[in-house]
Amino acid sequence: MQTVESVVVRFAGDSGDGVQVTGTQFTNTAALVGNDIATLPDYPAEIRAPAGTLFGVSGFQIQFGATDIRTPGDISDALVAFNPAALKVNLSRLRKGGLILVNVDAFSSRNLTKAGWEHNPLEDDTLAAWQVVKVNMTRLTREALKESPLKTKDKDRAKNLFALGMVYFLYDRPLEHTVNWLNSKFAKLPNVAEANIKALKTGYYYAETAEIFRATYQVPEAPIAAGRYRNVTGNLTTAMGLVSAAQNAGLDLFLGSYPITPASDVLHNLASMRAHGVRTLQAEDEIAAVCAAIGASYAGQLGVCSTSGPGLALKGEAIGLALMVELPMVVVDVQRGGPSTGLPTKTEQSDFNIALFGRNGDSPLPVIAAKSPADCFDAAYEAARITIKYRTPVILMTDGYLANGSEPWKIPNEADLAPIESDFRTDPEGFQPYMRDEATLARPWVKPGTPGLEHRVGGLEKQHLTGNVSYDPMNHHRMCELRRDKVDLVRQEMPPLEVIGEQSGDVLVIGWGSTYGAIRSGVDAALADGVKVGAVHLRWINPLPPDLGEIIARFDKVLVPEMNLGQLIKVIRGEFLVDAKGLNKVQGMPLNVGEVKQAILDLQYGEA
Amino acid sequence: MNDIIQLTRKDLASDQEVRWCPGCGDYAILKGVQSALATLNVPRENMVVISGIGCAARFPYYMNTYGFHTIHGRSPAVATGTKMANPDLHVWIVGGDGDMMSIGGNHLIHVLRRNVDLTVLLFNNRIYGLTKGQFSPTSGVGKKTKSSPMGSIDPAFEPISLALGAGATFAARTVDLWGKHLQATIKAAHEHKGTSFIEILQNCIIFNDGAFDPAVGKKVKSDKTVELVHGEPLIFGAERDKGVRIRKDLTLEVVTLGENGVTEDDLVVHNAHAELPGLAQLLATMEYPDMPVPVGIFRQVSRPTYEVGMDAQVTQAQAAHGGDKPSLTSLWNQGDTWDVAP
Ligand code: SF4
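Sequence lines, in order, name chains A and B. The first sequence begins at 1 in the numbering used here and counts up by one. The second sequence begins at 1 in the numbering used here and counts up by one.
It is possible that part of the hints are untrue.
Unchecked claim - Here are the simulated EDC-like cross-link-like pairs (lysine to aspartate or glutamate), alpha carbons at most 20 Å apart as the crow flies:
1. A:Lys-447 x B:Glu-45
2. A:Lys-201 x A:Glu-143
3. B:Lys-224 x B:Asp-241
4. A:Lys-557 x A:Asp-524
5. A:Lys-447 x B:Asp-88
6. B:Lys-218 x B:Asp-241
7. A:Lys-134 x A:Asp-156
8. B:Lys-218 x B:Asp-290
9. A:Lys-410 x B:Asp-336
10. A:Lys-410 x B:Asp-339
11. A:Lys-570 x A:Asp-556
12. A:Lys-185 x B:Asp-336
13. A:Lys-447 x B:Asp-311
14. A:Lys-198 x A:Asp-154
15. B:Lys-193 x B:Asp-311
16. A:Lys-447 x B:Asp-117
17. B:Lys-219 x B:Glu-287
Simulated from the structure, these hints should not be mistaken for lab results. From a predicted model like this one, the values you see are computed outputs, not experimental measurements.
Given the sequences, and given the hints that come with them, work out the whole structure.
Structure (structure tokens):
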């Protein structure tokens, strides 16, 4: 058995092959044995795309290791392919010399044709550069389950567990966790539980007995900070962060949401948290969702809405209303490939512009971005804290990769969370609806039902202090400035930026959002190559941190990697008059470590 | 709780100057709403008036209650959030036919479907006022306006029909200038648990003057309208000699009592509490000039309200935790967790 630091495995097959379940089980087991992990589920927009087709291939990639794992990996070490299409789609992302574990039974001439293979690649030298392990997964699973009362069709569905058993053997993993999970998941269907467990164990023992792998690997525990951990996706931590903030502020949480990929799990997760005072409205449309959230904030709850790009586009006018009436609200944007319907299940960072600028009028808002699945908790908590404190909506940016990707989350202590004051006004003495707190410029938050404070708010321009409708030119100018200044004041909440790597020198990499892991590792790699490179990762993309300009000035060149065609970069260039260069990728896939490293080298030494 | 809250109409008038055109039907509605709300035994601070955009939507500014002038068409959605967040509030939605039936049509039907406990006041003047006189979704085919110089080819919505189709548990019609009728309808809506929908026929003196006069004007109203009273036959006319009868093919006709042997027994008897909305829908098809225009309460049935259903779920979920929120630590520790030793 060889010991290795980290491994990237990719499972791929039809939507119906149980690829996501297999990947998730492998992930949870890796986490439980103490590896650090990062995952990337990658699935088609169609729920059950036609079997065997290239566009119907569903994938799940995990990197697990004995070191700090920051990304799901650029390229995989092993590919588990349940059919010819899965092999075709993923071959280019498999390291030369890497392992291919295929289900030979799925390589029928029909499936080969559907996947566009002219010859069976298992029978010629197409795969000569890799180690190919051919297993009759379907046949062996049927064989193992011949005593089971299940129908053949249902037996065949257990072949993913047969494959998982083989992979568990390959990486020296215990079966126990998945066995327990199957027992509890199918507690009411003992035959199904039993068949799946049998398939899992048979796969494991088959790999051992038949000696199908040339070598097996051990990936030791990672040096992880002490504490209690849980494997989380970003959509779960987003929900928990919001609920935690509301509860700490003494508020109930109201979510207005319309189902949309890849944000729906935020709705699902929050809907399951009723006990924490969470009310959810599955609204008739995106606009109703945000409007109901505004109505709830108006009545004194923490109003939240969750959506993705197309929904954010629809919500623009209502978000403008919330900023005009200066009420708290968190708008969660789980970005996906755009424009229009775009790539619903793929990840992208192309809503930067609409988040910053997608409203009529001068209408700036604080915009915060999460950098990893676990970090969505902190970003969501902070978004809620700021919206409650400053009484202006805050947009929280995550993306499909963060939403569905997973990593271990160190469960916090309640005492570690920043306190949040909801601070409702009840005193009629000297009250004016648009009077302002000096430190934050926030106006009072008054719950309807409070005697003596009856007043009117609305989307028409407000007179300073009184809040009466005003068309006065100078008042309008002043109110626009006040709303802008309030957002700018959020800068006082920002801790100094952490500069990773060199503190001054050749290249500064400026990133935001889910590219964090790839940038961090890419910077490490470029440092190792001798470039004096530093990196900052922006928590707030609006307003920009107060110390960013000074940090930019310490470097000769600036690189802005983004999963869009260059959006943050225009703000950086505009704000700081610096000739920043972009690394731009809009392929529905996260940035790679190698791409970041190469961009740094190219910028420093000129393109090769 | 039993204290009577003494309010007058003046207590509900804000200090803002009312800015509707002189002679607009909205003035009478404002007065009627203020008068009616003053008698509801509801503290002023518990009243919230929520509107969208349009002439009618300026309403909250003139009410000395809590008020929210939101964006075009969206008031039912905002109000749904407000009522769910605090069911103790008495929520009134105000809007015109463009606001509620055109841009906000989707929200209107869904608030009715959900049966959130609030009241919708639809000011129907069959025209866009604030944007200066384009045809609206209630104008009807042939209406000549600046945006339909050759006559509109847009068929009209019938608001009561639409509301009933969306599952309205309370649907009524009244008229801007009929002070007493308006107030009585508002009070009935207030007492109803669930979404109450009131269509108020409102005169836009500038862009659609007299649109309803042939039916609801002082001189003609006895002959051209019929008051719907639960349990009573549909009788109308200055002489109270006309009635509404149902034909075998489920259409309605006007008959004269005493003529051709017609008696009260032949007339439709209104049943506002019928489980199914069929009769109410049939009555909603009665339109000027062929039939008298029905006014009053078309339908009033009892159904669970949305905000109460949601609160019940929260209460049920909290029952296992002594009626309180569980700790955040318990939320965070669900599912598989593992410990990493120092
Ligand atoms: S335009 Fe018509 S509806 Fe609007 S305020 Fe004037 S009269 Fe009233």
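Structure-based check of each hint:
A threshold of 20 Å between alpha carbons decides the hint, and for A:Lys-447 with B:Glu-45 the separation of about 9 Å falls inside it, so the pair holds. At most 20 Å may separate the alpha-carbon atoms for a hinted pair to count; A:Lys-201 and A:Glu-143 meet this at roughly 13 Å. Distance check on the hinted pair: B:Lys-224 and B:Asp-241 sit about 13 Å apart at the alpha-carbon level, within 20 Å; holds. Proposed proximity of A:Lys-557 and A:Asp-524 is supported: the alpha carbons are some 17 Å apart, at most 20 Å.
Pair hint A:Lys-447 plus B:Asp-88 holds up; C-alpha atoms about 12 Å apart against a cutoff of 20 Å. Restraint check for B:Lys-218 and B:Asp-241: satisfied, since their Cα atoms lie roughly 19 Å apart, inside the 20 Å limit. At most 20 Å may separate the alpha-carbon atoms for a hinted pair to count; A:Lys-134 and A:Asp-156 meet this at roughly 17 Å. Distance hint between B:Lys-218 and B:Asp-290 is fulfilled; the C-alpha atoms sit about 19 Å from each other, no more than 20 Å.
For the proposed pair A:Lys-410 and B:Asp-336, the alpha carbon gap of about 13 Å is at most 20 Å, so the pair holds. Under the criterion of a C-alpha separation no larger than 20 Å, the hint pairing A:Lys-410 with B:Asp-339 is consistent with the structure, at around 9 Å. For the suggested pair A:Lys-570 and A:Asp-556, the alpha carbons sit about 18 Å apart, so the restraint of at most 20 Å is met. For the hint pairing A:Lys-185 with B:Asp-336, the CA-to-CA distance comes to about 13 Å; that is within 20 Å, so the pair holds.
Proximity of A:Lys-447 to B:Asp-311 is assessed by CA-CA distance (about 19 Å); at most 20 Å being required, the pair is judged to hold. The straight-line distance between the Cα atoms of A:Lys-198 and A:Asp-154 is roughly 13 Å, inside the 20 Å bound, and the hint therefore holds. Annotation: proposed proximity of B:Lys-193 to B:Asp-311 holds, straight-line Cα distance about 15 Å (limit 20 Å). Among the hinted pairs, A:Lys-447 with B:Asp-117 is consistent with the structure: their alpha-carbon atoms are about 19 Å apart, no more than 20 Å.
Restraint check: the Cα-Cα separation between B:Lys-219 and B:Glu-287 comes to about 18 Å, which is no more than 20 Å; the hinted pair holds.
Going through the hint list in order, the structure satisfies each hint without exception.
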